[in-house]
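Participant: Here is how the chains run, residue by residue.
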Amino acid sequence: MSADVELSDVSVTFGSFYAAKNVNVKVNGGEFFSFLGPSGCGKTTLLRAISGFQEPSEGKVLIDNKDMSGIGPNKRPTALIFQNLALFPLMSVSENIAFSLEVRGVSKEERKKRADELLELIALEGQGDKKVHQLSGGQKQRVAIARALAVEPKVLLLDEPLSALDLKLRQRMRTELREIQKRVNITFIYITHDQGEALTMSDRIAVMNEGELEQIGKCDEVYNNPLTPFVATFVGENNPLYGKVTGIDGDKAQIETADGQYLAMMNESKKLNIGDESIAFVRPESLFIPRDGDNFDNKINVNIESFEFEGNLKNFYARLQSGAKIKFSVPNAIDTSTISSGSSIALGFDSSKSVILPKASLAID
Amino acid sequence: MRPSYFINFMMGIYIFIFFAYLFGPLIIMSITAFNSAEFPSITPWECFSFRWFNEGKIAYDGQHLAGLLTDWRLHDGIISSLIIGAGVVTLSVPIGMAAAIVLTQVRSQLRDIFYSISIMPVLFPGVIIGISTVVLWDRLAGLGGEGFISDIGRNGIFLTILAQTCFISTYCFLIFVARLQRFDQTQEEAALDLGASQTQVFFKILVPYLSPAIASAAVIAFLFSFENYNTTVFSILSDQTLTTVIASKVRLGISPALSALALTIIALTIIAAATYEVLRRRAEKRYKDTQEKFVKEKAADNRINKNYKIGFKVPRGIVTILILVVFTIYGATQILKNDLYGQSCIDAADTEKKSKFYDQLNALDAIELSEEELSGGELGGNQDYGDIFGDPSLFQDFGGFD
Ligand SMILES: Nc1ncnc2c1ncn2[C@@H]1O[C@H](COP(=O)(O)OP(=O)(O)OP(=O)(O)O)[C@@H](O)[C@H]1O
Ligand SMILES: [Mg+2]
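Top line first, the protein sequences correspond to chains E and S.
Going by this note's numbering, the first sequence opens with residue 1213, and the numbers climb by one from there.
Going by this note's numbering, the second sequence opens with residue 17, and the numbers climb by one from there.
Hints were generated in silico from the structure; no laboratory data involved.
All of these numbers come straight from a predicted model, not from anything done at the bench.
Please note that the accuracy of each hint is not assured.
Below 27 angstroms or equal to it, Euclidean Cα-Cα: the simulated DSS-like pairs (lysine-lysine) are [claimed, not checked]:
1. S:K301 / E:K1352
2. S:K322 / S:K353
3. E:K1343 / S:K353
4. E:K1430 / E:K1233
5. S:K220 / E:K1352
6. S:K309 / E:K1320
7. E:K1342 / S:K220
8. E:K1571 / E:K1539
9. E:K1342 / S:K304
10. E:K1380 / S:K312
11. E:K1511 / E:K1565
12. S:K369 / E:K1343
13. S:K312 / E:K1325
To give an idea of the chain S side of the interface with chain E (calculated C-beta under 7 angstroms), a few residues [as the list claims (entries may be wrong)]:
14. T59
15. L208
16. L210
17. G211
18. A212
Glycine included, every Cβ here is placed at the ideal spot set by N, Cα and C.
Between the sequences and the hints, there should be enough to build the whole structure, so can you do that?
Facilitator: Shown next, in the form of structure tokens:
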């Protein structure tokens, strides 16, 4: 059983400070939905508003179209997995998992049965008698999930549960989480500042900045059609090209920069006029070293400065004539022996792979 | 010689001096408990005897010097002290715990004020707490006429429990504050989120977490109560606790029965501490064993160290224990060799003392006393003391020490 979660004009203030401001979002039942944003942008605050630990100062939280104001966390059909997991260290794994049943007065045999079921779900059969600190990081993680699932919540809220794990484990847990979600088929609201995590797991994501929602959409939509310069640079990497709009042709706009003119896609909801200050964005993987027969509608001359080997990719750091920095990536399979530091080359990119947005601040890495 | 040896050597000397300073008086006192002499002393050593743990002694001059077993005032005092200790524990542990929990809930400047007020009772002189409790309850008892209030308001044990709780709950408070500072509050939130009520959170999450602090607060509260004198001496009114009994005895002259009591208390403390340590180690070992079992069951075969064995280790305190054993054996042989143990020795000592005593009395009797001398005239050597020591009936009239 899953439930819709709707935040309607939710604001949370601490004194005069808006930790979250006018947040409007509707999460569908059974969806894996992520809130993505940099540290301190108000993600945890929103989650606490949904779970009932924090009453919104304005607006409403609706779960299954029911207004949740005044309903405490122990009465809501949500379960929260804390940023630090908050397992009970004095209890065994089984006791942790069955805690929610214990406080509801479920009999001992019933609790044991349910705990064993959940242990099987998280692939920790027979380890119920261990103490929490005898588990590895990933196992603790799964126990926290099982403990939350034992309540049979309609909505599972996860607050950066993977942030403490190392890369490999994190990757494995992503898939596991996704599988568990499919199996139990309830709404997952997931919080992370890791865009890779959000993109790989979610059905839809909401990008947050400074307490406000910048964009809500499917992963590829957000990646390919960012609505703001913040989203463009926070989700994945992007090279900004600053300039003024000099011409408009259908859904494309021409931008004049210090280094030349480029053509880029306009966003439907962010129409530009001639003369507007704007930024064109092109991703490192959309910049190509032209080969015979290639025909790019944008050309850009760069001076190679340095090179970095990432494994599957080779990253080149270069500068334009104006001094602006630019990064481009080439798959490892492509031979780049002719490109050396200090050399000057021409790159090409397609206008359909570039977006142009009204000027605003970027995500600072 | 490497400098570290030198440093270790100096450290050893320092530790020895430190412990000698700490425990020297206690050790001396403990030894005096076994000397049959009427005053706690090591030299001259009369006889080795357990009499001060038992019935005490009827002195050569007819006094009864009570031993630990026969001193009913001491017994009454111990019973009152135990009752008061239990009362103080049951009051101050919950009070301290509640105050500490409140402190975690209060943020802002109020927190500092609350903290300062809470620890204030330990800064007051205990005497003042004792007197003020008595004064307050005396008034309250006066108001109510005859009845319950007036009864408890003049009950020393009740007042002492209240007065001691005043400041002992503050120590409990500090213990709980220290433990709560390390409490992860998200655990409470997690429990709430899982559907627990506030009461369930308290009993299932907070109390188990605080249980070590509850235990140590209870022990400390009891010990503080048991050994308290300066508050108790006022609030106890006409009753007696162990400390007030001891104090009143000291005023009249101490007896080795007190040494015996001290040794008993020390022994009980050591036994309790040792038992606790043994139990703790057992639990630890059991825990390690289960962990080892888990590892063996679950780990891949190649991750188990087959050569892993727990070797025999020499216990660390072995040197101290050996030294103690050697000293004990030496002491025992000396005592047996010199015939310093048993009834015969005691009888001999008594006879000797008695004869000395009568010699002295006879000597006193032999001196003819004139009116002139008693009024402190120019004659006589005892005038400085008004000649009270010249009165032969002095020792006979004196009722003895109890
Ligand atoms: N109880 C509080 N009182 C005052 N300010 C708070 C409180 N809780 C959070 N804030 C502030 O609100 C902002 C958002 O906090 P929040 O915990 O939601 O961030 P977050 O997005 O979860 O960050 P992170 O990724 O680091 O966990 C922060 O600037 C934080 O300082
Ligand atoms: Mg957070």
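Participant: Could you run down the list of hints and mark each one as holding or not?
Facilitator: Okay, the hints, checked on the actual structure:
Note on K301 (chain S) and K1352 (chain E): the hinted pairing holds, with a Cα-Cα distance of about 24 angstroms set against a maximum of 27 angstroms. In summary, the hint linking K322 (chain S) to K353 (chain S) is not supported, as the alpha carbons are separated by about 57 angstroms, beyond the 27 angstroms threshold. A threshold of 27 angstroms between alpha carbons decides the hint, and for K1343 (chain E) with K353 (chain S) the separation of about 60 angstroms lies outside it, so the pair is violated. About 22 angstroms separates the Cα atoms of K1430 (chain E) and K1233 (chain E), which keeps this hinted pair within 27 angstroms; it holds.
Between K220 (chain S) and K1352 (chain E) the CA atoms are separated by roughly 20 angstroms; this keeps the pair inside 27 angstroms, and the hint holds. Proximity of K309 (chain S) to K1320 (chain E) is assessed by CA-CA distance (about 26 angstroms); at most 27 angstroms being required, the pair is judged to hold. For the hint pairing K1342 (chain E) with K220 (chain S), the CA-to-CA distance comes to about 19 angstroms; that is within 27 angstroms, so the pair holds. Taking the CA atoms of K1571 (chain E) and K1539 (chain E), the gap is about 20 angstroms. The hint holds against a cut of 27 angstroms.
At most 27 angstroms may separate the alpha-carbon atoms for a hinted pair to count; K1342 (chain E) and K304 (chain S) meet this at roughly 12 angstroms. Under the criterion of a C-alpha separation no larger than 27 angstroms, the hint pairing K1380 (chain E) with K312 (chain S) is consistent with the structure, at around 26 angstroms. In summary, the hint linking K1511 (chain E) to K1565 (chain E) is supported, as the alpha carbons are separated by about 13 angstroms, within the 27 angstroms threshold. A distance of roughly 70 angstroms separates the Cα atoms of K369 (chain S) and K1343 (chain E); the hinted pair therefore is violated under the 27 angstroms criterion.
Straight-line distance between C-alpha atoms of K312 (chain S) and K1325 (chain E) comes to about 26 angstroms, which keeps the hinted pair within the 27 angstroms bound. Among the interface hints, the one on T59 (chain S) is violated; its C-beta lies about 56 angstroms from the nearest C-beta in chain E, farther than the 7 angstroms criterion. A least Cβ separation of about 5 angstroms between L208 (chain S) and chain E falls short of the 7 angstroms threshold, and the interface hint therefore holds. With its C-beta approaching chain E no nearer than about 4 angstroms, L210 (chain S) sits inside the 7 angstroms limit, and its interface hint holds.
Because the closest C-beta pair between G211 (chain S) and chain E is about 5 angstroms apart, less than 7 angstroms, the hint holds. Interface hint at A212 (chain S): satisfied, since its Cβ lies 4 angstroms from the closest Cβ of chain E, which is below the 7 angstroms cut-off.
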